[in-house]
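Asks: Please take these sequences and the hints and turn them into a complete structure.
Those sequence lines, one after another, are chains A and B. Each residue of the first sequence is one higher than the one before, counting from 1 in our numbering. Each residue of the second sequence is one higher than the one before, counting from 115 in our numbering.
Treat the hints loosely; a few may be bogus.
Below are the DSSO-like pairs computed for lysine-lysine, each with C-alpha atoms no more than 27 Å apart in a straight line [as the list claims (entries may be wrong)]:
(1) A:K49 <-> B:K156
(2) A:K61 <-> B:K155
(3) B:K180 <-> B:K134
(4) B:K180 <-> B:K156
(5) B:K156 <-> A:K68
(6) B:K156 <-> B:K178
(7) A:K49 <-> A:K68
(8) B:K155 <-> A:K49
(9) B:K155 <-> B:K180
(10) B:K134 <-> B:K155
(11) B:K156 <-> B:K128
(12) A:K101 <-> B:K180
(13) B:K156 <-> A:K101
(14) A:K61 <-> B:K156
(15) B:K169 <-> B:K134
(16) B:K134 <-> A:K101
(17) A:K101 <-> B:K178
(18) A:K101 <-> A:K68
(19) A:K101 <-> A:K49
(20) B:K180 <-> B:K169
(21) B:K128 <-> B:K178
(22) B:K155 <-> B:K128
(23) A:K101 <-> B:K169
(24) B:K155 <-> A:K101
Simulated restraints on C-beta separations [to be verified]:
(25) A:I60 <-> B:S119: 17 to 23 Å
(26) A:G16 <-> B:T131: 46 to 52 Å
(27) A:L114 <-> B:K128: 42 to 48 Å
Some chain B residues near chain A, calculated using beta-carbon distances under 8 Å [claimed, not checked]:
(28) V118
(29) L160
(30) E218
(31) F221
(32) G222
(33) P223
(34) G224
It is worth saying that the hints were derived from the structure and are not from the lab. The model shown is predicted, which means the values in this text are computed figures rather than measured ones. Where is the CB? At the ideal position from N, CA and C, for every residue including glycine.
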Amino acid sequence: AQSVTQPDIHITVSEGASLELRCNYSYGATPYLFWYVQSPGQGLQLLLKYFSGDTLVQGIKGFEAEFKRSQSSFNLRKPSVHWSDAAEYFCAVGAAGTASKLTFGTGTRLQVTL
Amino acid sequence: GAVVSQHPSRVICKSGTSVKIECRSLDFQATTMFWYRQFPKKSLMLMATSNEGSKATYEQGVEKDKFLINHASLTLSTLTVTSAHPEDSSFYICSGWTSGSRHEQFFGPGTRLTVL
Chain A
1 AQSVTQPDIH ITVSEGASLE LRCNYSYGAT PYLFWYVQSP GQGLQLLLKY FSGDTLVQGI
61 KGFEAEFKRS QSSFNLRKPS VHWSDAAEYF CAVGAAGTAS KLTFGTGTRL QVTL
Chain B
115 GAVVSQHPSR VICKSGTSVK IECRSLDFQA TTMFWYRQFP KKSLMLMATS NEGSKATYEQ
175 GVEKDKFLIN HASLTLSTLT VTSAHPEDSS FYICSGWTSG SRHEQFFGPG TRLTVL
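Replies: Rendered as structure tokens:
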């Protein structure tokens, strides 16, 4: 069975500082990997996704993530955080080649201090 | 991205009553819709997968007689929580998927259900 671990429940960074949110997955084959952001009162928004190819994936809002098969990781990064990035971030894994039942991590709440 | 709406955004009901939550894909046809449940400070847990015109597939541990799902059209799926109890209080989120979306699910804003 597939699973996702987000080790950090809560992270606080200063505005302008760099950010890395960790995500480790467990899946028997090549996974489809996703990062979503959830703001209060809003639905989940897709930041980026990885299916195959280049292991460094660029997303919206200046986010990027790197797929490292050897470490079973798909960490999310942003070089300079903005106050508006404060939200809940979810990593998810889906089964390749299907309509993708997604398995979500428990989320990381990002707080940005000014 | 494509837009999915949910109605109502929040609902409060008495224990023993039934509540219906609608999920609509506004600008695309969702051949598959997913229903998730999110507990406070917890992850999203998939409840069921529904394909238009067929019965929903429920995840292990989800009572299909309590959580009735209907996906009668390519733009509408409904989740009915029957005989709701306080433990059913939660945040329910739907998503829509179509073969043209390249494996991306489009999520609704969620419905907060509180059962008194």
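Asks: Please go over all the hints and tell whether each is borne out by the structure.
Replies: Hints and how they fare:
1. In summary, the hint linking A:K49 to B:K156 is supported, as the alpha carbons are separated by about 22 Å, within the 27 Å threshold.
2. Note on A:K61 and B:K155: the hinted pairing holds, with a Cα-Cα distance of about 24 Å set against a maximum of 27 Å.
3. Distance hint between B:K180 and B:K134 is fulfilled; the C-alpha atoms sit about 12 Å from each other, no more than 27 Å.
4. Between B:K180 and B:K156 the alpha-carbon distance is near 22 Å, which keeps this suggested pair within the 27 Å criterion.
5. A C-alpha spacing of about 26 Å is found between B:K156 and A:K68, which places the hinted pair at or below 27 Å, so the restraint holds.
6. For a cut-off of 27 Å, the pair hint linking B:K156 to B:K178 stands: about 22 Å separates their Cα positions.
7. Taken as a hint, the A:K49 and A:K68 pair is honoured in the structure, with Cα atoms around 14 Å apart against an allowance of 27 Å.
8. Simply put, B:K155 and A:K49 have alpha-carbon atoms about 23 Å apart, close enough for the 27 Å limit, and the pair holds.
9. As the CA atoms of B:K155 and B:K180 are separated by approximately 24 Å, the hinted pair is consistent with the 27 Å bound.
10. Between the alpha carbons of B:K134 and B:K155 the distance comes to roughly 24 Å, so the proposed pair stays at or under 27 Å and holds.
11. For the given pair, B:K156 sits about 25 Å from B:K128 by alpha-carbon distance, which is consistent with the 27 Å threshold.
12. Between A:K101 and B:K180 the alpha-carbon distance is near 21 Å, which keeps this suggested pair within the 27 Å criterion.
13. For the hint linking B:K156 to A:K101, the alpha-carbon distance of about 18 Å falls within 27 Å, and the restraint holds.
14. With a CA separation close to 25 Å, the supplied pair A:K61 and B:K156 stays within the 27 Å bound.
15. Only pairs whose Cα atoms come within 27 Å are accepted, and B:K169 paired with B:K134 is accepted, the gap being roughly 17 Å.
16. Proximity of B:K134 to A:K101 is assessed by CA-CA distance (about 23 Å); at most 27 Å being required, the pair is judged to hold.
17. Of the pairs offered as hints, the one joining A:K101 and B:K178 holds, with about 18 Å between alpha carbons and a cut-off of 27 Å not exceeded.
18. As the CA atoms of A:K101 and A:K68 are separated by approximately 22 Å, the hinted pair is consistent with the 27 Å bound.
19. With a C-alpha separation of about 15 Å, the suggested pairing of A:K101 with A:K49 holds against the 27 Å cut-off.
20. Between the alpha carbons of B:K180 and B:K169 the distance comes to roughly 15 Å, so the proposed pair stays at or under 27 Å and holds.
21. Distance check on the hinted pair: B:K128 and B:K178 sit about 21 Å apart at the alpha-carbon level, within 27 Å; holds.
22. With a C-alpha separation of about 24 Å, the suggested pairing of B:K155 with B:K128 holds against the 27 Å cut-off.
23. In summary, the hint linking A:K101 to B:K169 is supported, as the alpha carbons are separated by about 16 Å, within the 27 Å threshold.
24. Proposed proximity of B:K155 and A:K101 is supported: the alpha carbons are some 21 Å apart, at most 27 Å.
25. Separation of A:I60 from B:S119 is about 21 Å and conforms to the stated range, judged on CB atoms against 17 to 23 Å.
26. Remark: the range hint 46 to 52 Å for A:G16 to B:T131 is upheld by a beta-carbon distance near 50 Å.
27. The hinted range of 42 to 48 Å is satisfied by A:L114 and B:K128, whose Cβ atoms lie roughly 44 Å apart.
28. Checking B:V118 against chain A by beta carbon gives a least distance of about 7 Å; that is within 8 Å, so the hint holds.
29. Given hint, B:L160 at the interface with chain A, holds; its Cβ is 6 Å from that chain's nearest Cβ, closer than 8 Å.
30. At its closest, the beta carbon of B:E218 sits 6 Å from a beta carbon of chain A; the interface hint therefore holds under the 8 Å criterion.
31. Below 8 Å, beta-carbon pairs count as interface contacts, and B:F221 has one with chain A at about 4 Å; its hint therefore holds.
32. Because the closest C-beta pair between B:G222 and chain A is about 5 Å apart, less than 8 Å, the hint holds.
33. Annotation: B:P223 was flagged as interfacial toward chain A, and the flag holds, the nearest CB pair being 4 Å apart, inside 8 Å.
34. Hint status for B:G224: holds, given a least beta-carbon distance of 6 Å to chain A, under 8 Å.
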